[in-house]
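Heads up: the sequence lines are chains X and L, in that order. The numbering used here numbers the first residue of the first sequence as 1 and each following residue consecutively. The numbering used here numbers the first residue of the second sequence as 1 and each following residue consecutively.
Treat the hints with care, since some could be wrong.
Since the list gives no way to pick one copy over another, a pair counts as held whenever it fits inside one copy or between any two copies.
To be verified - In silico SDA-like pairs for lysine to any residue, Cα to Cα no more than 20 Å straight-line:
(1) Lys-44 to Val-131
(2) Lys-182 to Arg-168
(3) Lys-11 to Leu-57
(4) Lys-44 to Glu-369
(5) Lys-182 to Asp-137
(6) Lys-124 to Leu-42
(7) Lys-383 to Leu-415
(8) Lys-11 to Leu-381
(9) Lys-54 to Asp-15
(10) Lys-124 to Ala-48
(11) Lys-427 to His-208
(12) Lys-54 to Leu-174
(13) Lys-427 to Gly-36
(14) Lys-410 to Phe-465
(15) Lys-165 to Asp-455
(16) Lys-124 to Phe-325
(17) Lys-11 to Lys-54
(18) Lys-439 to Thr-399
(19) Lys-124 to Asn-317
(20) Lys-182 to Ile-225
(21) Lys-439 to Ala-231
These are computed hints drawn from the structure, not numbers from a lab. Because the structure is a prediction, the values reported are computed rather than measured.
Protein chains: 2
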Amino acid sequence: MDSQDFREFGKAMVDYIADYLDTIRERNVIPSVEPGYLQELLPKEAPAQGENWKDVLLDVERAIMPGVTHWHSPYFNAYYPTANSYPGIVGEMLSAGIGCIGFSWMSSPACTELEVIMMNWLGKLIDLPEVFLNCSDGPGGGVIQGSASEATLVGLLSAKEKIVKDLRKSNPDLTEADIKGKLVAYTSDQANSSVEKAGLLASVPMIHLPTDNCILRGETLREAIRRDREAGLIPCYVVATLGTTGTCAFDNLEELGLVCNEENLWLHVDAAYAGSAFVCPEYRHLMKGIELCDSFNFNPHKWMLVNFDCSPMWVKNSQYLVEAFNVDRIYLKHQHEGHAPDYRHWQIPLGRRFRSLKLWFVLRIYGIEGIQKHIRTQIDLAKHFEQLVCSDRRFEVATSSMGLVCFRLKGEDNLTQILLDKITANKKVYIIPCHYQGKLVLRFVICARTTTVDDVNTSWSEIVFQANEIIPRSQIIVEAEKSKLDTLGIATSRDPSNILMEKSK
Amino acid sequence: MDSQDFREFGKAMVDYIADYLDTIRERNVIPSVEPGYLQELLPKEAPAQGENWKDVLLDVERAIMPGVTHWHSPYFNAYYPTANSYPGIVGEMLSAGIGCIGFSWMSSPACTELEVIMMNWLGKLIDLPEVFLNCSDGPGGGVIQGSASEATLVGLLSAKEKIVKDLRKSNPDLTEADIKGKLVAYTSDQANSSVEKAGLLASVPMIHLPTDNCILRGETLREAIRRDREAGLIPCYVVATLGTTGTCAFDNLEELGLVCNEENLWLHVDAAYAGSAFVCPEYRHLMKGIELCDSFNFNPHKWMLVNFDCSPMWVKNSQYLVEAFNVDRIYLKHQHEGHAPDYRHWQIPLGRRFRSLKLWFVLRIYGIEGIQKHIRTQIDLAKHFEQLVCSDRRFEVATSSMGLVCFRLKGEDNLTQILLDKITANKKVYIIPCHYQGKLVLRFVICARTTTVDDVNTSWSEIVFQANEIIPRSQIIVEAEKSKLDTLGIATSRDPSNILMEKSK
Chain X
1 MDSQDFREFG
11 KAMVDYIADY
21 LDTIRERNVI
31 PSVEPGYLQE
41 LLPKEAPAQG
51 ENWKDVLLDV
61 ERAIMPGVTH
71 WHSPYFNAYY
81 PTANSYPGIV
91 GEMLSAGIGC
101 IGFSWMSSPA
111 CTELEVIMMN
121 WLGKLIDLPE
131 VFLNCSDGPG
141 GGVIQGSASE
151 ATLVGLLSAK
161 EKIVKDLRKS
171 NPDLTEADIK
181 GKLVAYTSDQ
191 ANSSVEKAGL
201 LASVPMIHLP
211 TDNCILRGET
221 LREAIRRDRE
231 AGLIPCYVVA
241 TLGTTGTCAF
251 DNLEELGLVC
261 NEENLWLHVD
271 AAYAGSAFVC
281 PEYRHLMKGI
291 ELCDSFNFNP
301 HKWMLVNFDC
311 SPMWVKNSQY
321 LVEAFNVDRI
331 YLKHQHEGHA
341 PDYRHWQIPL
351 GRRFRSLKLW
361 FVLRIYGIEG
371 IQKHIRTQID
381 LAKHFEQLVC
391 SDRRFEVATS
401 SMGLVCFRLK
411 GEDNLTQILL
421 DKITANKKVY
431 IIPCHYQGKL
441 VLRFVICART
451 TTVDDVNTSW
461 SEIVFQANEI
471 IPRSQIIVEA
481 EKSKLDTLGI
491 ATSRDPSNIL
501 MEKSK
Chain L
1 MDSQDFREFG
11 KAMVDYIADY
21 LDTIRERNVI
31 PSVEPGYLQE
41 LLPKEAPAQG
51 ENWKDVLLDV
61 ERAIMPGVTH
71 WHSPYFNAYY
81 PTANSYPGIV
91 GEMLSAGIGC
101 IGFSWMSSPA
111 CTELEVIMMN
121 WLGKLIDLPE
131 VFLNCSDGPG
141 GGVIQGSASE
151 ATLVGLLSAK
161 EKIVKDLRKS
171 NPDLTEADIK
181 GKLVAYTSDQ
191 ANSSVEKAGL
201 LASVPMIHLP
211 TDNCILRGET
221 LREAIRRDRE
231 AGLIPCYVVA
241 TLGTTGTCAF
251 DNLEELGLVC
261 NEENLWLHVD
271 AAYAGSAFVC
281 PEYRHLMKGI
291 ELCDSFNFNP
301 HKWMLVNFDC
311 SPMWVKNSQY
321 LVEAFNVDRI
331 YLKHQHEGHA
341 PDYRHWQIPL
351 GRRFRSLKLW
361 FVLRIYGIEG
371 IQKHIRTQID
381 LAKHFEQLVC
391 SDRRFEVATS
401 SMGLVCFRLK
411 GEDNLTQILL
421 DKITANKKVY
431 IIPCHYQGKL
441 VLRFVICART
451 TTVDDVNTSW
461 SEIVFQANEI
471 IPRSQIIVEA
481 EKSKLDTLGI
491 ATSRDPSNIL
501 MEKSK
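Excised from the complex, chain X in its bound form (with noise of 0.2 Å):
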């Protein structure tokens, strides 16, 4: 394929996405596939000799659309949004077009630049102690990770290489192997399986404290510390979650900050969905506690209209990455060594893609105001939402916080588990479910970019359409009704439909 097909290719790339957002509300947000459902449309092997791209753009329409559960659809409700705009895609096209390797200043100055700068501009936009800015005096700093994962994954490293060293400096006679063996980690029984995941994956227990209405409290800490240390175990780290996965509820950051302090553990901060809301300054006193933190963590790439994969972390002193990382070779040594970051020693893998441009690309079209601007809205759909589950009396809401809303059918909890299903089933709004103060509810987000009050309105239609053959809207108000006469001592004997009738008028 030479550049003149490329520019053809391309453009009708361009249309074919364009044309795909445009007109996604008329695709059922859920496919209707089978598993294996694609293994019989496409051949068993590579196709000997190459083929035009006209036909791979019409298998993509006929082989795969069929089969994508569409998530900037804004009848996509669960998870949390993954973030989707024409500036990141743009910003994502040309990281795939100068297709540098950034794993060192001098493989590509400005892929490690731009980082730098975007790092700071990203930090100063939700207003972050300059203690973790790059452009600080200090050793502190930010990178762009994959993901959540690996950033929670590189601090709990980090920590763990750091403890390693301050306690056999203290005490020579110890082993690595006796340190390691006995190392413990802490997060909330409400964080992310990705937390538990890298524990595993450092081979330290990732032990879930208890929270009080889903928030972890410092006093709970310091008990666990003290339980933990008394038996002989070396505590290490602590994952606080700002926006908790299933109920987007927030860790007391200040005082687990103060214990975290005080007991020499690294605290790092998970705040993948919630942390866009602090470009709003309405927000960040739910970041109090911010200074008292090693790293801290969240993904533009969910709320932030930067396309996956953007996940910054900033850490007060990179030195420790660096030491926890950094095993060089003469193939990657370069005479600016020291005067800029190399980031390979920051993260796990050793290439790294040019991801600041597409951050770049977002801030700078939308503008501070226009990110502001997005958060905002998004938040104002939910609480409409909220509203909208209000007036009906079938249901009640469990929690809501920030895009979130946790709602369910009253009662026990299998109704709510059978409405899950029929809406699941009919594949025109996509929910999930969790556990809230050990009830099933429903998670109901705003997640695409461009989602209406009307589209939160057709989502709800769904959900009531969906409730009305469970529990008829009209037995619950001749219900209410008749226990609302009760009470006031008048007999009732009128026919439900009439009341039904006159409520909706």
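Given chain X, work out where chain L should sit, using these hints.
Below, chain L without anything else, positioned relative to chain X:
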């Protein structure tokens, strides 16, 4: 930015990328910037209001390009290639446009299914034994990792969990810490730095075994295992390299495989660069013994035209990965579990991009024959370079393999070092050094997809031009001629320039 703006911006970017790659030879491959250059060109904070995309695109050329090391210039002959092709770029665009996250089958069925099928296509293309393929009856299968670093680490972490389980089954009194504190892993002294880093991250000492002409042999491994078992250690993992970073040497897989199978060690194969050559049957003898390995990894994002990142890894038994990595939650469960791989259990992060799209595009648009042609052309170009080196008596070829030629100026290392410094300072050709048999050599790699014989000649001219400033060609010729004439017993008194002119006829 609305979709109409995106159509304009996206198409302008397609043209920008095509123009960039069409005219890449006009730029110096090494940029002329000093650390910190970009801080002078960009503001210190993100803009308050959004900017026009046209201004951003202008700034790409003004601020970014002067700091880019041009990995796709034919005069980039450093490291190993990172792939870039037009189908790969367009595949990356579509991946960004769809923007789904494929952590489970349900989260986007097409994402998992296309990856399963592509891993079969690719496995067949390089003639991997069927036991490694998803389409086999057994527990084997392939997955796309982000990098060889990750694949090596995933293999090590799986091997670590496996040996702990194996040993605790036979010795229930052993604690996990007892075992983990004694684990050791092996690789050769030629292995990539990422292998050592995997050991560091997994807290398993990675022992570098000596090589025989850069090749790790079975007896060396057997002896190391014997020695370490005697010392009370527990050997668990071996990383063999097919195509080492320094000189593209191939470990003796068959010998290593037999030892690992006898001794119950996990054998992982890192064929990051050279694995792509196995699409050509004439190079498959270099992977003899592959059936004895537990996991195999190579990077189509290096030499097989698929843009970074795309690092397929196949394992004989995926259950070991799932057991090491599975930490499930209610929000990740779905009704189709077990019918298709949930790839989140096969990798470090939870999130994953739709990376198989670009692989599919490349395999279809090039076809098997197109990919074979690419590999063979690049190897032929390396042979052409080798002939050029051999034609100049000041130089010697130390070793060559695949698309790599290691060469040097005859004599002391400092001559070669000066040559390298001069070439790098002139920024027209990018090569890097390594050590081979105790001597400094320069690695010349055919990297860019578009490299022609003329390009290789141009790179060579630059090398000769710089060499002429160190050792004038005339001097060498005079000395050589003198030595020849001396041998023949003929007095030498002619003007050196005459000899030079005769030679150049």
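We went through each hint and held it up to the structure:
In this assembly of identical chains, the alpha carbons of Lys-44 and Val-131 lie at most 20 Å apart only when taken from different copies (16 Å versus 55 Å within one copy). In this assembly of identical chains, Lys-182 and Arg-168 lie within 20 Å of each other by CA distance both inside one copy and across copies; the values are 14 Å within and 19 Å between. With identical chains, the CA atoms of Lys-11 and Leu-57 are at most 20 Å apart both within one copy (12 Å) and between copies (17 Å). Proximity of Lys-44 to Glu-369 under the C-alpha cut-off of 20 Å is restricted to the inter-copy arrangement: shortest distance 17 Å between copies versus 50 Å within a copy.
Taking the closest pair of Cα atoms, Lys-182 and Asp-137 never come within 20 Å of each other, the shortest separation being 36 Å inside a single copy and 41 Å across copies. Taking the closest pair of Cα atoms, Lys-124 and Leu-42 come within 20 Å of each other only across two copies (15 Å); inside a single copy the shortest separation is 49 Å, beyond that limit. In this assembly of identical chains, Lys-383 and Leu-415 lie within 20 Å of each other by CA distance neither inside one copy nor across copies; the values are 24 Å within and 72 Å between. Proximity of Lys-11 to Leu-381 under the C-alpha cut-off of 20 Å is found in neither arrangement, the shortest distances being 34 Å within a copy and 33 Å between copies.
In this homomeric assembly, Lys-54 and Asp-15 come within 20 Å of each other (Cα to Cα) both inside a single copy, at 13 Å, and across copies, at 19 Å. In this assembly of identical chains, Lys-124 and Ala-48 lie within 20 Å of each other by CA distance solely across copies; the values are 12 Å between and 53 Å within a copy. Proximity of Lys-427 and His-208 under a CA criterion of 20 Å is satisfied in neither setting, with 35 Å inside one chain copy and 54 Å between copies. Proximity of Lys-54 and Leu-174 under a CA criterion of 20 Å is satisfied in neither setting, with 65 Å inside one chain copy and 61 Å between copies.
With identical chains, the CA atoms of Lys-427 and Gly-36 are at most 20 Å apart within one copy only, with a shortest distance of 19 Å there and 52 Å across copies. In this homomeric assembly, Lys-410 and Phe-465 come within 20 Å of each other (Cα to Cα) only inside a single copy, at 16 Å, whereas the closest approach across copies is 82 Å. In this assembly of identical chains, Lys-165 and Asp-455 lie within 20 Å of each other by CA distance neither inside one copy nor across copies; the values are 55 Å within and 51 Å between. For a Cα distance limit of 20 Å, the shortest separation of Lys-124 from Phe-325 qualifies neither inside one copy, at 27 Å, nor across copies, at 36 Å.
Proximity of Lys-11 to Lys-54 under the C-alpha cut-off of 20 Å is found in both arrangements, the shortest distances being 12 Å within a copy and 17 Å between copies. Taking identical chains as interchangeable, the C-alpha atoms of Lys-439 and Thr-399 lie at most 20 Å apart only when both belong to the same chain, with a minimum of 12 Å there against 68 Å between chains. Proximity of Lys-124 to Asn-317 under the C-alpha cut-off of 20 Å is restricted to the intra-copy arrangement: shortest distance 18 Å within a copy versus 47 Å between copies. For a Cα distance limit of 20 Å, the shortest separation of Lys-182 from Ile-225 inside one copy, 13 Å, qualifies, whereas the shortest one across copies, 27 Å, does not.
In this homomeric assembly, Lys-439 and Ala-231 never come within 20 Å of each other (Cα to Cα): the closest approach is 34 Å inside a single copy and 55 Å across copies.
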